[in-house]
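S.K.: Here are the chains, one letter per residue:
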Amino acid sequence: EPEVTQTPSHQVTQMGQEVILRCVPISNHLYFYWYRQILGQKVEFLVSFYNNEISEKSEIFDDQFSVERPDGSNFTLKIRSTKLEDSAMYFCASSEGLGGYEQYFGPGTRLTVT
Amino acid sequence: RKEVEQDPGPFNVPEGATVAFNCTYSNSASQSFFWYRQDCRKEPKLLMSVYSSGNEDGRFTAQLNRASQYISLLIRDSKLSDSATYLCVVMSMEYGNKLVFGAGTILRVKS
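Chains A and B supply the protein sequences, listed in that same order. First residue of the first sequence: 4, per my numbering; consecutive thereafter. First residue of the second sequence: 50, per my numbering; consecutive thereafter.
Each hint can be trusted.
With a straight-line cut-off of 25 angstroms between C-alpha atoms, the simulated BS3-like cross-links for lysine-lysine are:
(1) A:Lys60 <-> B:Lys91
(2) B:Lys91 <-> A:Lys81
(3) A:Lys86 <-> A:Lys60
(4) B:Lys51 <-> A:Lys60
Worth flagging that the hints you see were computed from the coordinates, not collected in a lab. Predicted, not measured: the structure shown is a model, and the values here were computed from it.
Okay, chain A solo, but in the shape it has when bound (with noise of 0.2 angstroms):
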């Protein structure tokens, strides 16, 4: 069963250090998401991409953040400038298509900024 995949798993890096977050979306997938959830609150959607472009993105979704689709199969997420506050699990998602698509979830990548 296709399956998306994150790298790596976990990531401590320095408060100002950046961080590059990578994914690989299901292969047949055209819609790509980050998520993020903060240890013991709720997930929260963090930007969706679709034809290498930002179709949507949210609050926290600040200048810090970039997504970028560098090759025909893996999505990444960039924080320029980690912040205490970004500590938390980050998730890749895909799905087929817009609408009532179901999303599927990567394993998650746990980002510890120290």
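For chain A, the structure is supplied; the task is to place chain B on it using the hints.
M.R.: Just chain B, lined up with the frame of chain A:
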């Protein structure tokens, strides 16, 4: 008012019990509805989509009441492996394709 509200639980039930979870959502423009389950420190896994006519998948039954903006999930014959957090999720095309998650309901099934 929270966009998606769920009773956090925990619901502690014996194996074989039937348990029901409810969820309400505030955005009447919401168009698609889902239940996900999440195990501790893992990703949300899609359990089922929820349709206006109601739908069933094995031991799981989901119902949607658009007029009341209410979604439910019924689990019959609970198994130990059903222990998880159940996430009520809504989506509105008005806001792109983003999923809005409830905080989840914890289920613990005990032998």
